[in-house]
Structure formats: C-alpha cells, structure tokens
Amino acid sequence: MSHPPHQQINRDLLRPLLQTSWRFYVLVALPAAMVLTGLISWLSQVTFGFGISGIRWPVYWGFYVTNFVFWIGISHAGTLISAILRLVNAGWRRPVTRCAEVITVFALMIGAMFPIIHLGRPWLAFWLFPYPSERLIWPNFRSPLVWDFFAINTYLTGSLLFLYLPIIPDFAVARDRATGLRRRIYGVLALGWRGTPKQWHRLETAMQIMAIAIIPVAVSVHTIVSFDFSMAPVPMWQTTIFGPYFVAGAIFSGIAALLLAMAALRRLLHLQAYLHPVHFENLGKLLLVMALLWGYFVFNERLVTYYGNEPAEMTVFWQTQRESYAPLYWTMVVCNFVLPLILMGIRRFRTITGCIIASIGVLIGMWLERFLIIVPSLGHKYLPYSFGTYRPQPVEMIITAATFAAMILLYALFSKVVPIISMWELKAGDHPPADLIPPATEEHPIGELRL
Amino acid sequence: MPNWGMAVDLDRCTGCGACVTACHAENNISTVGAEQAARGRAKHWIRVERYWEGEFPEATLKFRPVMCQHCDNAPCEPVCPTYASHHTQDGLNAQVYNRCIGTRYCANACPYNVRFFDFFNPSWDKPLQLQLNPDVSLREVGVMEKCTFCVQRIKSATIAAKAEERELKDGELQTACSQACPSRALVFGDLNDPESEVSRLSRSPRGSKLLEDLGTKPKVAYLSREA
Chain A
1 MSHPPHQQIN RDLLRPLLQT SWRFYVLVAL PAAMVLTGLI SWLSQVTFGF GISGIRWPVY
61 WGFYVTNFVF WIGISHAGTL ISAILRLVNA GWRRPVTRCA EVITVFALMI GAMFPIIHLG
121 RPWLAFWLFP YPSERLIWPN FRSPLVWDFF AINTYLTGSL LFLYLPIIPD FAVARDRATG
181 LRRRIYGVLA LGWRGTPKQW HRLETAMQIM AIAIIPVAVS VHTIVSFDFS MAPVPMWQTT
241 IFGPYFVAGA IFSGIAALLL AMAALRRLLH LQAYLHPVHF ENLGKLLLVM ALLWGYFVFN
301 ERLVTYYGNE PAEMTVFWQT QRESYAPLYW TMVVCNFVLP LILMGIRRFR TITGCIIASI
361 GVLIGMWLER FLIIVPSLGH KYLPYSFGTY RPQPVEMIIT AATFAAMILL YALFSKVVPI
421 ISMWELKAGD HPPADLIPPA TEEHPIGELR L
Chain B
452 MPNWGMAVDL DRCTGCGACV TACHAENNIS TVGAEQAARG RAKHWIRVER YWEGEFPEAT
512 LKFRPVMCQH CDNAPCEPVC PTYASHHTQD GLNAQVYNRC IGTRYCANAC PYNVRFFDFF
572 NPSWDKPLQL QLNPDVSLRE VGVMEKCTFC VQRIKSATIA AKAEERELKD GELQTACSQA
632 CPSRALVFGD LNDPESEVSR LSRSPRGSKL LEDLGTKPKV AYLSREA
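Chains as they are written, first to last, in the working numbering: chain A, 1 to 451; chain B, 452 to 678.
Extracted from the complex, chain B is given alone in its bound form (with noise of 0.2 Å):
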C-alpha cells in the first residue's frame, strides 16, 4: 500500500503561482469573481504564501507553497460528525464532498487553513467552463473542500498498473501542481517506496514539516531556503 506524499524545495521554488492555476484547472474549482475572492471566499487548495523580511529597500521575499498536508494526524478527522473527512488507507485525509453537511468544523480545527467552503453553486466565469474536467466531481453550495493530492490522478494511475499487471513506477504520477511546477519546487510520490524521490526529499537535512509542533504529522516536508 503506498503512502502518498509530497516534498516542496523552496529554494526551487519562484513563487510564479503555475501550480495554483493548474490546480484550479485540474480540479474544477469554481471562480469566485473578484468582488467575492475579496470577501475571503476564493477557494485555493494550494497558495503560494508570501513573506517579506527586512526593510525596503533591503527587503526579500520569500514563497511558500501551502496545500493539504494530508496529516497522518489529521486534526480535522476527528471533528467531522458525518466522517465527510477521513483517512484512507493510502494516507489520503479524503473529504466526501456527498456526506458533508457543512458544519466548517474540520475547517477551523485545521491549523494550516488549507480547507474552503462553498459558499455558493460552482460557476465560472466565460470561458472557463469549456475546460471542466469530467474526472472530478463538482461541489454543491455548503460543502467543504480542499487539495485532494489529485486523487482521480492516482486512482487512474493506479488502476492501468493493475490492469497492465506492474508496479506504479515513480514519477509516473504526478499531480496537477507538481507537473505544472516549471522549477520542479513540487515533487508528488510514494512515501513508503525509500527510492522514491519524494522519499529522498524528505530525508534531506534541510526538510522540516510546517507547524510540526503541533503533532499533527504532516506528510508534506518543506526543503529550507540555501540560497
């Protein structure tokens, strides 16, 4: 059984924001408009956080990407009244958009902020709607929603290896994010494959987890900034 994970280089990584629309392609997530995205209710499932140090004109700026990080000890899990969000067995912290009823609950027990609520029916703005994928399902008005890892990318992938009777190989998957990355910062793969590149990443001396203290276990490690 894998276990899915993600290792994220911020030296790698320019903060050009190609996975966050690849992500919204990928994924059918709705556009808010700018009135309401000014009201806090755009839906990014991966955001590349900025943070500036110093004084202008010495100042730097520095991007982090933020999406799930599919905690093995998912502080939202545990809150859901339905089981809308839950664990799968290969590590995934699923969200089942058709059990959820809205309590936002998993939201707010979710210290990364990474989780959105659909505050009305999908639309989008013209013509975005001609480029739907038919592999995800839309969200009604009142669910929660977030970074899936691209879980219709797995399962299909996973499926023609069985089909063709072989080992998924590593790199072979990819989510729409990581292939989108033109730095490769973004690297998607099995975390229970030792040779596995994302495995290799995340052993690396400069990989920490984001808010690691908090003991939520979170499968994405962050390669601290060198340069």
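Only chain A is shown next, with the shape it has when bound in the complex (with noise of 0.2 Å):
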C-alpha cells in the first residue's frame, strides 16, 4: 500500500463533498425519520404529561439521564484523544483526529438535550441560565446541575473551537474548487484564508492553545457530571472515587465510539488508503488500557463497599450483584471487561473486526453501566418501604433510539460538507503508507521518529 500524493489526497477527501450517491439519501432518511419519531414522542410527553414515561416514585431519574451521561461520556472520545494525540505527536493521528472531534461535538450536543428532555417543565429551562431578571433571582450555585450547566458550556465552546480551527485551510480547499453559492458559504467558513506563513503560524499556536486548554476542560465535565450523583446522600452514590471513575469510562465508550465512526467511514468513503489495520490496532491498545482501567475503578467501588458493609449501601450492592439487576450487571462486566480484554489483549484479534465488535460491547456495557448506577441506587434508598422498581416506558425507549439516529445523521450530513480527514495535515505530515506507521507500543529513539 503506497501513500496517496497530495492530488489524490484532495480528489479522495473531497469526492464526498462533490459527488452524492443514492446510498447516502437512504442514509439520511432513515436516520432522519427516527430522529422525528423522537421529537414526536418528547411532544407528546410535554403534552400529554411526564406520566406517559416509565419514570416513578421513588425511581425520578431513569432512561433520559442514563442517555445524559452516556453522551456526555462519548463525547470525551474525541477532544480529548486528539489534543493528546496532538501534544504528544503521534504522527499516526494524522487522519483520525477530526472524525474524534466531530463526535465530541455532536455527542455534546445530543448529551446537552437530555437535561431539558428530562425536566419536568422544559418551557422554563432558561431558569437555569444566569440571565439577568427584574426579579433578581438567580440559578442556585450550590446546585451541581448548574455546574452542569456551565461546564457543558465550556465544554461544547471549547470543542467547537477545536474543531474549527483546523478545519480552516480545509475550508479554503474546498472553496477554491467550489462554485456558485457553495464557493460563497466555504469562502465565509475559510476566515479568508490564504495560506501565508503568518496564518499558518497564528493557526498552530492557536491550536496548541487549545489543545493544551481542552484536556482539563474535559476532565472537568465528566467530573462535573459525576457530581451530580456523588454530592447526593444516596447509597452507593456519595462515593470520593465518581469523578474518576466517570472520566476512565467516558475516555473509554469515548474510544468504542471513534472506533465504531472510523470503520463506518473507512467502508462507507471508501477511506481504505488513510485509515489503516494500525490505526484500529493502536486505537483498540487504548481501549484496553481503558478496559483494564475501568476493571480497576469497578474492582475498587465494589470492594470498598462491601468492605465497609454498611446496610443501606449493601442493599443497593446486592441488589445489583445477585439479586434482579444482576443480569444487567454481569452484562455490564462482560461487555466492558472480558470482551475487550480478550479481543484487544490477543494481537490476532485485534483487528478491524476485533476493534467493531469489542467497541459495540463496550457501548453497551458503558450504558448500562449509567443505568446501573442510577436507577437501583433510587430504588433502594434507605426506608425499605419506599423500595421501588423502574420500567422504561416506549416513550423513553424511543428518545433513546432516535439519539443515536441523531449522531448518524449528523454525523453523515456532516461528512458530507467537510472532509472528514484533515488534509492538509495529512499533507503536512506527508501521511506515510501503512507499513511505515509505528505501532503504538513500539520504542523509538526520541528524534527517530519522522511524523
């Protein structure tokens, strides 16, 4: 496999931009008609009252924050894997770090929505901005769902940026082959650019910046977001080790997610010169240092909790251990832990097929995860008399579907309008053929390397 020269680079990354295929409306309708399915069933739960969910007492929160969470937590796929990839500079980061980025942004954007589909009241959430009011009331800043609020923002900020910006000389290819109204739209998205040294050199400071900044951004947030449940008095919530524990398992579903994006782009783009077996494999290492990492944080909460056997707590532990969320639980387990470590762990395994089914396992299991942490903690809250179950009810089971329609549809309209591989940094890189990429894992001579 040799590497592409600069002229096939822009004629493979900007066919999708120029050339529309039937397969791609049949992408976009599917998706499309499920998202709308969704926001027909969040109407009819405005209009017709939240009774028509599964949600109850004493279980308030249910499928719509498992969705929160696990969206903010894919969201930590991309960010935060490229601006690391970027700090340390691994040169085969080159063609995966702007799919990585995208997700960010759009899971951000599906994650954020939860909040407001969850509220009792959504008319009102703006009660939740600091907006300045004749009445003088402001949001409560003891509240961690306002931290929520602002953290989320910083985040989604920060992360649009980071896309942005090196999408930029990208843009000015694309205007420059364009015509008609799309040269107009890629010349406004292009800043101007031309290509001098000055703008080159403002452009890779600006992206250090950010990649510097956008590291304790996202460790923050999912931090944030696990105080939402370990600043509550519930059993098995109030726990030191959440913050952590939430950051390891966003990185985690994080990395499933990128993995799942770059075989569905590499199949459906026809992207079999930019990203090849060594992409997946040193992407499917990363998933299992994050399984083994996950193992750890779970090995701890569970032992420290049975340890420490205090009643109330231990309800909630068995309950999820042996008694009726234990299916779940072992499914949890096995989707987060045996599967990737034995199909990441063996290097036959760790191929391209390897990498997509162990990332479908670690969704699930990262989502489940969400649920298990909320729902039979709510459901076994001190009295037992108050004891109660959770079932989700269509309503919910749909909103959840028409998310992940919703990231396959923004994610393909998306692709369709920007190239979803970096080319001048492919360029800039002088992308090097397969064979010459080094395996994560292998030891260079710090100078050797030429990225």
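Since the hints were derived computationally from the structure, they do not count as laboratory data. Remember, it's a predicted structure, so these values are computed and weren't measured experimentally. Even for Gly, the Cβ is constructed at its ideal location relative to N, Cα and C. Do not rely on the hints blindly, as some may be mistaken.
Stated by the list, open to error - Simulated restraints, written as ranges between beta carbons of each label pair:
1) ILE215(A) with SER607(B): 56 to 62 Å
2) ARG322(A) with ARG657(B): 37 to 43 Å
3) ALA33(A) with ASN524(B): 46 to 52 Å
4) THR157(A) with GLN582(B): 50 to 56 Å
To be verified - The following residues of chain B were derived to be distant from chain A, with all beta-carbon distances above 10 Å:
5) MET452
6) ASP523
7) GLU591
8) LYS606
9) PRO645
Hints in hand, dock the two standalone chains.
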C-alpha cells in the first residue's frame, strides 16, 4: 500500500463533498425519520404529561439521565484523545483527529438536550441560565445541575473551536474547488484563509493553546457530571471515586465510539488508503488500557462498599450483584471487561472486525453502567417501605433510539460538507504508508520518529 | 421566631390512615386513580409505613407515619438549581411550586422519599373536586410537591394572632394530620417554645429522629414503641 500523493488526497477527501450517491439519501432519510419520531415522542410527553414515561416514585431518574451521562461520556472521544495525540505528537493521529473531534461536538449537543428533555417543565429551562431578571433571582450556584450547565457550555464552546480551527485550511481548499453558492459559503467559513506563513503560524499557535486548554476542561466536565450523583446522600452514589471513575468510563466509551465511526467511514467513504488497520490496532490498545482501568475502578468501588458493609449501601450492592439487576450487571462486566480484554489483548483478534465487536460491546456495557448507577440506588434508598423499581416506557425507548439516529444523521451530514479527514494535516505529515506507521507500543529513540 | 416541628408517638399510632386522608383533603392533593397509583404516581405527603416483624402467626405489625421531616440540614435544598426548595426563617422546608422546573433532583437527594412529582395536571375522582381548599394552590404538571406542615394554617393563625396583638398559644395551631389523628399520635408545635407539648415530647428519652445518622437534622421526633 503506497501513500497517496497530494492530488490524490484532495480528490479522495473532497469526493464526498462534490458527489452524492443514492446511498447517501438512504443513510440520511432513515435516521432523519427516527429523529422525527423521537421529536414527536418528546412533544407528546410535553403535551400529555410526564406520566407517559416510566419514571415513578421513588425512581425519578431513568433512561433520560442515563442517556445524558452516556452521551456526555461519548463526547470524551474526540477532543481529549485528539488533544493528547496532538500534544505527544503521535504521527499516526493525522487521519483520526477530525473524526474524533466531530464525535465530541455532536455527542455533546445530543447529551446536552437530555437535561431539558427530562425536565418536568422544559419550557422553563432558561431558569438555569444566569440571565439578568427584574426579580433578581439567580440560579442556585450550590446545585451540581448548575455546575453542569457551565461545564457543558464551556466544553461545547472549546470543542467547537478545537474542531473548527484545523478545518479552516480545508475550507479554503473546498472554496477554491467549489462554484456558485457553495463557493461563497466555504469562502465565509474559510475566514479569508490564504495560506500565508503568518496565517499558518497563528493557526499552529491557536491549536497548541486549544489542545492544552481542552484537556482540563474535558476532565472537569465528566467529573462534574459525576457530582450530580456523588453530591447526593444516596447509597452507592456518595463516593469519592466517582470523579475519576466517570472520566475513565467516558474516555473508554469515547474510544469505542471513535473506532466504530472510523470503521463506518472507512467502508462508506472508501478511505482504506487513509485509515489503516494499524490505526485500529493503536486505538484498540488504548481501548484495552481503558478496559483495565475501568475494571480497576469497578473492583475498587465494589470492594470498598462490600468491606464497609453499611446496610443501606449493601442493599443496593446485592441488588446489582445477585438480585434483580444482576443480569444487567454481569452483562456489563462481560461487555466492558471480558470482551475487550480478550479481543484487544490477543494480537490475533486486534483486527478491524475485532475492534468493531469490542466497541459495540463497550458501548452497550457503558450505557448499562450508567443505568446501573442511577436506577438501583434510587429504587433502594434507606427506608424499605419506599423501595421501588422502574420500567421504561415506549416514549423513553424511542427517544433513546432517536439520539443514536441523531448521531448517525449529524455525522453523515457533516461528512457531506466537510472533509472528514484533515487534508492539510495529512499533507503536512507526509502521510506515511501503513507499514511505516509505528505501532503505538513500539519504542523509538527521540528524534528518530519522522512524523 | 418559631421553629415548627412535630412529634410522632409510635405507641399511640394505630395505623388508621386518618392523617393521610386529612392531608389529601387539606392540601388539594390530586388523586391519580388506581392504575396510576400502581405505577408509582400516588402522592401521599404523609404515609403510614407498615413493617411486619416475625413470622405468621406470631407476626407483629408496626406503623410509622412518615412525612417531610423539614430537616434543618436538608439535602433537597442545595441541589435545587432554581431555589424552588429552600428553607424559611421559621424552620420550614418550603417548596415554591412556581419556581420549580421539575429536575426531580430534590426527590433523589431526599433520604426519606417524601417528595412527589406531578406526572399529570391535577384531577379528582368525583365528587372530591367539590371539597378543594381555597387556601392551597394547585400544582401543575411537572413540579415537585411535598408536606408543607400546612403552611397555609400556620400563616393564617400567625396573622390572626398578630391582628389581635397576642402570642400564638401552643395547640391553637394544628396541621391537618395532627388534627385528624384520633389517638393523638401526631403533635405539632413550636420547638423554640420549651413549654410546648411538641418540645416536651421531643425531649423524651424514647425519642429519636429518622435516619438521624445521615446528619440531616430532621425536625420530626419519633417516640419509640414500648407496648
């Protein structure tokens, strides 16, 4: 496999922007219909009352908050991974970064909808904003939900910038190739990019700043999401481990989402010459590391609870460990730990197919993890008389499915208007052929690596 | 400034449920119907918890009326993003319905599970709609509601006493549940008045607070069973 010359890069990566096959319309129409169904479901929930959902006393948070945490977790795919790979100057990152950053932005947008979807009176959601009002009422800054609002907005702004900056030179290429209205739109988006040394210098500086700034923001976002739980005196919620546990889980599910997106792009946009098996192998190793880290956190959380033997906590503990939630719990352990350990730990299985299977497993497992944190605890809170269970209703399932469709839809539309692989970064890195890309674990003396 | 609290004598409670009915009537708590009640949508600001001990036929049944404990260190208050759940100066844990946007975070944070979400707009089985209390506002769909210690009664009694330029007498003011309790198991009053009946009962060596070790500083004292 030889590496494509610059002209070829432009041709390959601008092709989706300039040509549209019927398959694209199918790929857009199906998720769009699903998203529309989700929207109708939500509107009917607003119209007929929250009663059509499965939420009940005492389990007042269910699928919606699970989805919220899940999607905010997925958003750690991009920005964090791509920022770290940029900072350590890993040469193989070049075809991967943009697919990852796009996931971040869209997953955040989807995740940020859930706090509004789950509100009893969503039309008053703006009361969470610190807007000047004549009644001089501010949001309660002691509430973790208000911290969420600020954390997510900061992260969304940061990751939008982080996504947009490296697209500017590519917008300029698209502008120069396009005609008519498209040319004008790409022209505006390219912000007058001419490729002068000064412009390049500024772009590099801005990206360097963003790559450093976005890492603490990403870590803080999921820590704050974990505070939604760990700040409340609920059995199995109030634990100091939740911050790092949630961040690790978020990166874990993020890598899985990235691997799936890469596999889909490689197939649908014919990017075999850019996304090599070695990219999947490198990210697969990262997935393995995160699976081990996740396993460590779960073991730690469970063992400390078990050893502490506090009655209220033990009630929830046994519910998940061997009572009604046990099937879900052990599915989670298999999906999140056993499966990635086998598939990513054994070199023979660390193929693209192996990565896809492991990633689907991890996504299922991580979704279950959030569900198992929220529901069993709320259903078994201290007074046995008020124990309860939760059964999701169609409206919640449809909205959940619709968010996955929304992700596919947004991703498909985005890859239609923006080159999904950073063209200038490929050229700048003199994109090497697959056999020259070093596996992530191979050692190189400093200075020998040509990136 | 009074500090409202309650004492519950478990020795006296027969589990009759009059408090629950009185509370529904006084506070315009909508009935949701059998089907929705089975789906966990019933709203009982006060409930009588039943705990069985031992095996049949030697089983004994114990009752515990549980309502909002009006904690002095309430976990529901800091988590509310809009200050809908907040503390009043006279020690009540107040819920401002109009300010509530329905995150339901307060209900999750509450260890006693005494906060209730309005899943639908209020409705009543006929003819209950004819006995609504004009002093209590209705709650629309999507907000949280809970025991207020009958704040409307507290306000009207306080205002009446102030108009007559006198102090409120102990026992002059009762919540609906304590008024309805036939065995006088529920006693409501001012904890800042050391002579009041509720203060006297709260000091009883039989007294304890519900889930006291969580540090919520509840204002309802439970007097344990001796019989």
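Hint check:
| no. | hint | verdict |
| --- | --- | --- |
| 1 | ILE215(A) with SER607(B): 56 to 62 Å | holds, 58 Å |
| 2 | ARG322(A) with ARG657(B): 37 to 43 Å | holds, 38 Å |
| 3 | ALA33(A) with ASN524(B): 46 to 52 Å | holds, 51 Å |
| 4 | THR157(A) with GLN582(B): 50 to 56 Å | holds, 54 Å |
| 5 | MET452 | holds, 24 Å |
| 6 | ASP523 | holds, 15 Å |
| 7 | GLU591 | violated, 8 Å |
| 8 | LYS606 | holds, 22 Å |
| 9 | PRO645 | holds, 31 Å |
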